[in-house]
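Chemist: In case you want the letters, here they are:
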Amino acid sequence: MKYSGIVYKFADNVNTDEIIPARYLNTTDPAVLGRYCMEDIRPGFGAKAVKGSIIVAGDNFGCGSSREHAPLSIKYAGIACVVAVSFARIFFRNAINIGLPIVESREIYEHINEGDTLTIDLDQGKAVIGAGSPITIAPFPLFMQKIIEEGGWLPYLLKSRTAQAERLK
Amino acid sequence: MGMTLTEKILAKKAGVAHLTPHEFIEIEPDLALANDITAPITIDEFEKVGGKKVFRPECVFLVPDHFTPNKDILSAEHYRKLKEFAAVHQGVHFFEQGEVGVEHALLPEIGAVRPGMVIIGADSHTCTYGALGAFSTGVGSTDIAGYLLTGKAWLKVPPTIKAVFTGVMGPWMSAKDLILLFIGTIGVSGAQYKAIEFSGPVVDGLSVEGRMTMANMAIEAGAKNGVFVADDKVEAYLRGRTKEKGDYLTPDKDAVYERVVVIDVTGRSPVVAWPHLPENVRPAREGGNVRIDQVVIGSCTNGRIEDLRTAAQILKGRRVAPHLRCLIIPATPAIYRQALEEGLFQIFLDAHAVISPPTCGPCLGGHMGILAHGERCVSTTNRNFVGRMGHRDSEIYLASPAVAAATAVTGRITDPAELMK
Numbered sequence: 001m002k003y004s005g006i007v008y009k010f011a012d013n014v015n016t017d018e019i020i021p022a023r024y025l026n027t028t029d030p031a032v033l034g035r036y037c038m039e040d041i042r043p044g045f046g047a048k049a050v051k052g053s054i055i056v057a058g059d060n061f062g063c064g065s066s067r068e069h070a071p072l073s074i075k076y077a078g079i080a081c082v083v084a085v086s087f088a089r090i091f092f093r094n095a096i097n098i099g100l101p102i103v104e105s106r107e108i109y110e111h112i113n114e115g116d117t118l119t120i121d122l123d124q125g126k127a128v129i130g131a132g133s134p135i136t137i138a139p140f141p142l143f144m145q146k147i148i149e150e151g152g153w154l155p156y157l158l159k160s161r162t163a164q165a166e167r168l169k
Numbered sequence: 170m171g172m173t174l175t176e177k178i179l180a181k182k183a184g185v186a187h188l189t190p191h192e193f194i195e196i197e198p199d200l201a202l203a204n205d206i207t208a209p210i211t212i213d214e215f216e217k218v219g220g221k222k223v224f225r226p227e228c229v230f231l232v233p234d235h236f237t238p239n240k241d242i243l244s245a246e247h248y249r250k251l252k253e254f255a256a257v258h259q260g261v262h263f264f265e266q267g268e269v270g271v272e273h274a275l276l277p278e279i280g281a282v283r284p285g286m287v288i289i290g291a292d293s294h295t296c297t298y299g300a301l302g303a304f305s306t307g308v309g310s311t312d313i314a315g316y317l318l319t320g321k322a323w324l325k326v327p328p329t330i331k332a333v334f335t336g337v338m339g340p341w342m343s344a345k346d347l348i349l350l351f352i353g354t355i356g357v358s359g360a361q362y363k364a365i366e367f368s369g370p371v372v373d374g375l376s377v378e379g380r381m382t383m384a385n386m387a388i389e390a391g392a393k394n395g396v397f398v399a400d401d402k403v404e405a406y407l408r409g410r411t412k413e414k415g416d417y418l419t420p421d422k423d424a425v426y427e428r429v430v431v432i433d434v435t436g437r438s439p440v441v442a443w444p445h446l447p448e449n450v451r452p453a454r455e456g457g458n459v460r461i462d463q464v465v466i467g468s469c470t471n472g473r474i475e476d477l478r479t480a481a482q483i484l485k486g487r488r489v490a491p492h493l494r495c496l497i498i499p500a501t502p503a504i505y506r507q508a509l510e511e512g513l514f515q516i517f518l519d520a521h522a523v524i525s526p527p528t529c530g531p532c533l534g535g536h537m538g539i540l541a542h543g544e545r546c547v548s549t550t551n552r553n554f555v556g557r558m559g560h561r562d563s564e565i566y567l568a569s570p571a572v573a574a575a576t577a578v579t580g581r582i583t584d585p586a587e588l589m590k
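Residue numbers (our numbering), protein chains in the order written: chain A, 1 to 169; chain B, 170 to 590.
Possibly wrong hints are sitting among the right ones.
Stated by the list, open to error - Subject to a maximum C-alpha distance of 30 Å in a straight line, what follows is the list of computed DSS-like cross-link-like pairs (lysine-lysine):
no.: 1; chain 1: B; residue 1: K321; chain 2: B; residue 2: K414
no.: 2; chain 1: B; residue 1: K217; chain 2: A; residue 2: K75
no.: 3; chain 1: B; residue 1: K181; chain 2: B; residue 2: K331
no.: 4; chain 1: B; residue 1: K485; chain 2: A; residue 2: K159
no.: 5; chain 1: A; residue 1: K159; chain 2: B; residue 2: K414
no.: 6; chain 1: B; residue 1: K250; chain 2: A; residue 2: K159
no.: 7; chain 1: B; residue 1: K414; chain 2: A; residue 2: K75
no.: 8; chain 1: B; residue 1: K412; chain 2: A; residue 2: K146
no.: 9; chain 1: A; residue 1: K159; chain 2: B; residue 2: K222
no.: 10; chain 1: B; residue 1: K222; chain 2: B; residue 2: K252
no.: 11; chain 1: B; residue 1: K325; chain 2: A; residue 2: K159
no.: 12; chain 1: B; residue 1: K325; chain 2: A; residue 2: K126
no.: 13; chain 1: B; residue 1: K414; chain 2: A; residue 2: K51
no.: 14; chain 1: A; residue 1: K75; chain 2: B; residue 2: K325
no.: 15; chain 1: A; residue 1: K146; chain 2: A; residue 2: K51
Said to hold, decoys possible - One side only, chain A facing chain B, incomplete, derived with CB under 10 Å:
no.: 16; residue: K9
no.: 17; residue: N13
no.: 18; residue: L25
no.: 19; residue: R93
no.: 20; residue: L158
What the hints assert, rightly or not - Covered by chain B, per the in silico footprint, the following chain A stretches (three or more residues, Cβ under 8 Å):
no.: 21; segment: 15-24
no.: 22; segment: 85-92
The set of hints was computed from the structure by calculation and includes no laboratory data. Where a beta carbon is used, it is the ideal one built from N, C-alpha and C, also for glycine.
Just chain B, same shape as in the assembly (with noise of 0.2 Å):
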């Protein structure tokens, strides 16, 4: 009986010739990675239990990325925790100011994922990496400090639900508005505890940013994780980044899938998540009443050069409605250069927008653009939950980069087309 391709992957780290979903294996991940909120109770655990020497550091990547720059004494206290554990255990990855960027933008960026890996993270958006052809997903604090002391985690085999993407994607559609569709017809508990395999002509078509914005958001259809076939696309991302191979494996043609979704994108048009979850899919051009006081581009689901390009197009020459803040996050200080380099600042500053050095801040209601009770925020980010950016009574729209670009010029929810005739 063949295998899918989250099942081989799986096999493959557990060293046996076939799994089948419902199995629970202990295996060596290959990476592990925590944060500035995640890593400090990771950290406590690990010395508490008398944790002396870490198993292997090099495979230990603590990325500040949530509450940096440092937002607050407290959050500065946590920073400084795991610096100070990163010079005691030599070898462990801690990315300082300068170096830090946004964790799931960071590390494909550095090279650190290849297909074939098996990655686990104290973050629950590091299903990102699905899109290397990596398997990689959420886990807690105390699974990361296991790691460190014996380098293994306990995982159970997830069935796997096929996503196929077939059609011809409308104007101003792009991999954020496929997630969106797809989370939207199954909803928040439709992948629960499942791998998504997502495949068909328009994900193939999709970049390797693309495809990590879909990745990402596997978690909010309650996934485990959400995974690509690694193509040439991969092996052209990874020329320059790193120098070892990956393993480029695919799901046998005898493969059995719990579940085939079949999203057909012809006649759609982009999508916005209406509050207070990200299944609440309506198109963006029914908003067209909807009053906005906040635009966020960024985060680890749409910071990457791609998104920010998407931007500028809309952005250029035009300026952000006058009651609304504009705020664009590159993902990462290379991505932040690179934008600088290809002249989108100039862009965004005539347009009056903000540019924010690298951070979460306020995907989950960190700092750099906090709402007020009673305001919304059209957002590239991933999940729209009730206080999720700030008050309790605000409100978050999740939405592409070229959404909330176009929505930032007139201040309510825009369908990019209407602006961009």
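Pulled out of the complex, with its shape left as it was, chain A reads as follows (with noise of 0.2 Å):
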């Protein structure tokens, strides 16, 4: 899987009410959604988000909530895929359940600037900036790798029913 879009670069610590405020969570209407995505630090950031961007953050990205409307938010405000240096814990399964790309890379946080183009390669384990020189990214474990290629957690766990009750058989 390839990404290859224009980056928004956030800090350390971007928390779930950051990314969607709770006045927002009476819905789950993707359109406000992605509207509203970051409203309270960058307003108008959903509305005006680039189609296929990329998110670059920094440390103990999506801590907070639990709420799942945080990585959906970002998923319909059409951002292709989020870079932290790391991710807190509920957004990390989340993020993996929605089938929303996410990469642990603090080299990509640290060289990387607003406005710049990321290239990331997940097969290959490769990351590229603008024309720079390519920048490894360690994969992540083979089912969580598969649960994103499935298209989420619900897809994967059918999936691996019916092939059970295949088996079975």
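Mind docking these for me? Both chains are given alone in their own frames, and the hints should help you get the complex.
Modeler: See the structure below:
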């Protein structure tokens, strides 16, 4: 899987109240969740984000609430992938479960600027900033990669259940 | 090689003799919960993939506590969705207004939580139940949908940080101060992906409610779960609430901890987490120049009867500062009733405080006490991120019920010792 897009850079500890404030949690409408992504720290971000762009952030991205609305709002805002130095654990599992690609990399964060173009190749385990030299990125455990490839936890679960049922026949 | 308490609970559930950190396991949790914000996505996802039958409905708890009593039409529609789902899938627990309370206060109260259980919840403060010696962690709506379909969940075994609390607490210090001091020491990502095992003479001396306050905020240090060894206090707490026995596991003497953090509380005083991170912890007595507009006493962190009794002790015979709003939110109907019967409401009403029905309400900026730009709130809740309780230019200071009540009287951040000489 390959992603390439312009980068929006964020700091450490971007939390779920900032990613999608609670006043928008009475809806699951993708248009609303996408529109108000990051609204209290970058007003208008969700409305203006370029489709296929990439968020690059520091430590502990997505800390705070378990709200699945957080990775959903990022996905609905058109972001293709999130790169962070580290992820808060509930956001991490939510992103995997909904099929939002995420990458852990300190190197990318330290060398990238807002507006740069970032290309990520998850199969090769490499990323490139603009026309620079490749940065190595560590792959996730196999079953997590499979979950992302299937599009999320439920498609993966159902596929493995069907596979099991077939083996039992 | 010995196991920590978290490793032991998970190993038993996974049906293996031994587990080490970083292993991935697929297990069958004993209980799953979701609320009025997270369950709508769970239900949609379950139905989207053709889910027809809930795997073990008696293990599923739908608790509408965040935006209830329904704050607007959209929230009312979500409430209705949960109610209708529970009606269709007989056995799923749903709590109507009049029974429902803040989920992490309600579930222990009704005896749904026992030592040794494995609990997943679509709410980050699900870690609260570690106070009763359970493994309990926050997950997402889709995880709960997966549980409805198959009864299964995936988990990575976390390494454990041992948190040891020693010394003697100063006047008016409580469990909230202990956990704030801990988060202030290791930072909001200091326990990222870890289990926290709380121990030491100071926590042994805490009531079960106090331990719930601490376990509740394990997530604020980035932890996966926070756990206490269940002892005779837990046994006493559970008497009358459930007939089922729990599994009173203990860590092995040769358990391997990734890190040991010792917090000596001798000489300390009540603390406050300044905006905008729970790790921004300083003594309350340094806040005398900070003018406060609102105080909130409630939530899954500090909305239980002992918290309300402490607040009443300080508010008795006093009045809330004229410019300030003091909102008191008993976390469940039973706590509400008990506070009423103990005469606490008389004290609160005489003090010109506001008594709210059980709800999460203002904690996450939902309703029942939102902040305007420039306003400041001292709150017994668990997060003070930007915009958490209202306008992005408002501020939240996290504190114990004692500090919150003292602050309500003076109108500025106050150490209770100053007021209660």
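Chemist: Take the hints in turn and mark each one as holding or not.
Modeler: Structure-based check of each hint:
Between K321 of chain B and K414 of chain B the CA atoms are separated by roughly 23 Å; this keeps the pair inside 30 Å, and the hint holds. Between K217 of chain B and K75 of chain A, the direct Cα distance comes to roughly 19 Å. Compliance with the 30 Å bound is thereby established for this hinted pair. At most 30 Å may separate the alpha-carbon atoms for a hinted pair to count; K181 of chain B and K331 of chain B meet this at roughly 21 Å. For the suggested pair K485 of chain B and K159 of chain A, the alpha carbons sit about 61 Å apart, so the restraint of at most 30 Å is broken.
Between K159 of chain A and K414 of chain B, the direct Cα distance comes to roughly 37 Å. Violation of the 30 Å bound is thereby established for this hinted pair. Of the pairs offered as hints, the one joining K250 of chain B and K159 of chain A holds, with about 27 Å between alpha carbons and a cut-off of 30 Å not exceeded. Distance check on the hinted pair: K414 of chain B and K75 of chain A sit about 44 Å apart at the alpha-carbon level, beyond 30 Å; violated. Taking the CA atoms of K412 of chain B and K146 of chain A, the gap is near 43 Å; set against the 30 Å cutoff, the hint is violated.
For the given pair, K159 of chain A sits about 18 Å from K222 of chain B by alpha-carbon distance, which is consistent with the 30 Å threshold. Only pairs whose Cα atoms come within 30 Å are accepted, and K222 of chain B paired with K252 of chain B is accepted, the gap being roughly 16 Å. For the given pair, K325 of chain B sits about 21 Å from K159 of chain A by alpha-carbon distance, which is consistent with the 30 Å threshold. The suggested pairing of K325 of chain B with K126 of chain A holds, with an alpha-carbon distance near 25 Å, which does not exceed 30 Å.
With a C-alpha separation of about 54 Å, the suggested pair K414 of chain B and K51 of chain A falls outside the 30 Å cut-off, and the hint is violated. A hinted pair counts as satisfied when its Cα atoms are at most 30 Å apart, and K75 of chain A with K325 of chain B qualifies at roughly 25 Å. The straight-line distance between the Cα atoms of K146 of chain A and K51 of chain A is roughly 24 Å, inside the 30 Å bound, and the hint therefore holds. Annotation: K9 of chain A was flagged as interfacial toward chain B, and the flag is violated, the nearest CB pair being 18 Å apart, outside 10 Å.
Of the supplied interface hints, the one on N13 of chain A holds, with its beta-carbon coming within about 6 Å of a beta-carbon of chain B, less than 10 Å. Because the smallest distance between the Cβ of L25 of chain A and any Cβ of chain B comes to about 5 Å, under 10 Å, the interface hint for this residue holds. For R93 of chain A, the interface hint holds, since its Cβ comes within 10 Å of a Cβ in chain B; the closest pair sits about 6 Å apart. For L158 of chain A, the shortest C-beta to C-beta distance to chain B is roughly 6 Å, which falls under 10 Å, so the interface hint holds.
Only residues whose beta carbon comes within less than 8 Å of a beta carbon in chain B count, and the segment 15-24 of chain A has 6; three or more means the coverage holds. For a cut-off of 8 Å, the count of residues in the segment 85-92 of chain A with a CB near a CB of chain B stands at 4, and the three-residue condition holds.
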